[in-house]
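Which chain is which? The protein sequence lines are A and B, in order. Each residue of the first sequence is one higher than the one before, counting from 450 in our numbering. Each residue of the second sequence is one higher than the one before, counting from 450 in our numbering.
Bear in mind the hints are in silico, worked out from the structure with no lab data behind them. Keep in mind that a hint or two might mislead.
Said to hold, decoys possible - For the chain B half of the interface with chain A, some residues (derived, Cβ under 7 Å), not all of them:
#1 Ser-454
#2 Glu-455
#3 Ser-461
#4 Trp-462
#5 Arg-463
#6 Pro-466
#7 Glu-484
#8 Leu-521
#9 Asn-553
#10 Gln-559
#11 Thr-606
For every residue, glycine included, the Cβ atom is placed at its ideal position computed from N, Cα and C.
Number of protein chains: 2
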Amino acid sequence: MNYCSECSGKVSWRIPPLEDMPRFVCDSCGAIHYENPKMVVGAIPEGNGKILLCRRAIDPRRDKWTLPAGYLENGETISACAQREALEEACAQLEALKPYALINIPFINQVYFMFRARLVNDDYRAGIESLEVKLFGVEEIPWDDLAFRVIHDVLQTYSEDVKTGVFPFRIMDVEPRAID
Amino acid sequence: MNYCSECSGKVSWRIPPLEDMPRFVCDSCGAIHYENPKMVVGAIPEGNGKILLCRRAIDPRRDKWTLPAGYLENGETISACAQREALEEACAQLEALKPYALINIPFINQVYFMFRARLVNDDYRAGIESLEVKLFGVEEIPWDDLAFRVIHDVLQTYSEDVKTGVFPFRIMDVEPRAID
């Protein structure tokens, strides 16, 4: 951020009056520009005892497998977001959404919220952002070809839960690492 | 948003190339400025069989009662946010945080996440944003003097759960209304 989105003045990174954390503040009009984490919402789509993964058609991590998920939009509920992303990425309809995990990724200012959900039918196929969509048994998950660490961690927890058949909602953290 | 924060050019509200939703797009450099919902995180602090509420010292809803909660900051986990807000607003230390509710408020682009949490000790007092902090039994909650509808709805659900002693994590929606 270089300029004020309200008046086009230069901004500086400083602690605004009466506050205690640095923000982008406009040197001309004084507007404070807050930046906050973004929510990414998705689902583990379940069908025929398997789960649906999507092979990414876009960067980053093109060719790698992921769960349908994406940024929550203004005006949208988290359930609607998970359903929209499944439709966009896998042309898949989801129902019976159950909260499964919230994952903090503070070093990239993201919070993931993942549902478990039921595939309404077998009528799914690659959406515009996917090369391929496919059902995997938990024992078939392509661990070495997953797109993101958060997806790896969620699926690892999920595959443990499958053994017991109990899927408690939990909060998880992804820690910073040389390669994420 | 009037100007591009990268180059200070004028922005217009239009659908960017290859996308399907309108965004603020810079007419000069083409930068797309995404706007997404913000997370507000807080807690229901429990102690001595009661819960801690704060009477607001600041607008909006000065003088009204609320739960400690506030915007999630970049670099912060949601548990850390709930603990920071309780410290700032009620000088209260929280432990044993348990996920309690996620509340969609899509018409103001907010997602609330509320924990239940245990007050570490009785050493709490009004922080700078509070006029007063006080323990209330659920039968003493000042229903007509709560600051926000989301707080009303969470406390209503909570007071029902107290009767059974079971506090399942749930997703709730606040619907638009003439007065929120």
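Supplied contact hint for B/Pro-466, tested at 7 Å Cβ to chain A: 14 Å, violated
Chain A contact restraint for B/Ser-454 - C-beta distance below 7 Å:
Cβ of B/Ser-454 sits 5 Å from chain A, so the hint holds.
message: Take the shortest C-beta to C-beta distance between B/Glu-484 and chain A; is it under 7 Å?
response: Result: holds, 6 Å to nearest chain A Cβ.
### Message
Given B/Trp-462 as an interface hint, is its Cβ closer than 7 Å to any Cβ of chain A?
### Response
Constraint on B/Trp-462 not satisfied, violated at 12 Å.
(Q) Take the shortest C-beta to C-beta distance between B/Thr-606 and chain A; is it under 7 Å? (A) This hint is violated: B/Thr-606 lies away from chain A, its Cβ roughly 15 Å from the closest one there, beyond 7 Å.
Using the nearest Cβ pair, does B/Leu-521 come within less than 7 Å of chain A? B/Leu-521 check passes; min Cβ-Cβ to chain A is 5 Å, inside 7 Å.
| field | Per-residue hint verdict: B/Gln-559, partner chain A, C-beta under 7 Å | value | 10 Å, violated
Would you check whether B/Asn-553 satisfies its interface hint, that is, whether its CB is within less than 7 Å of any CB in chain A?
For B/Asn-553, the interface hint holds, since the closest Cβ of chain A sits about 4 Å away, which is under 7 Å.
Supplied contact hint for B/Arg-463, tested at 7 Å Cβ to chain A:
Violated, about 16 Å.
Agreement of hint B/Glu-455 with chain A interface, Cβ distance less than 7 Å:
6 Å, holds
Status of the B/Ser-461 interface restraint (C-beta, 7 Å, chain A) = 13 Å, violated
Checked against the numbered hints given earlier, this structure breaks hints 3, 4, 5, 6, 10, 11; the rest are met.
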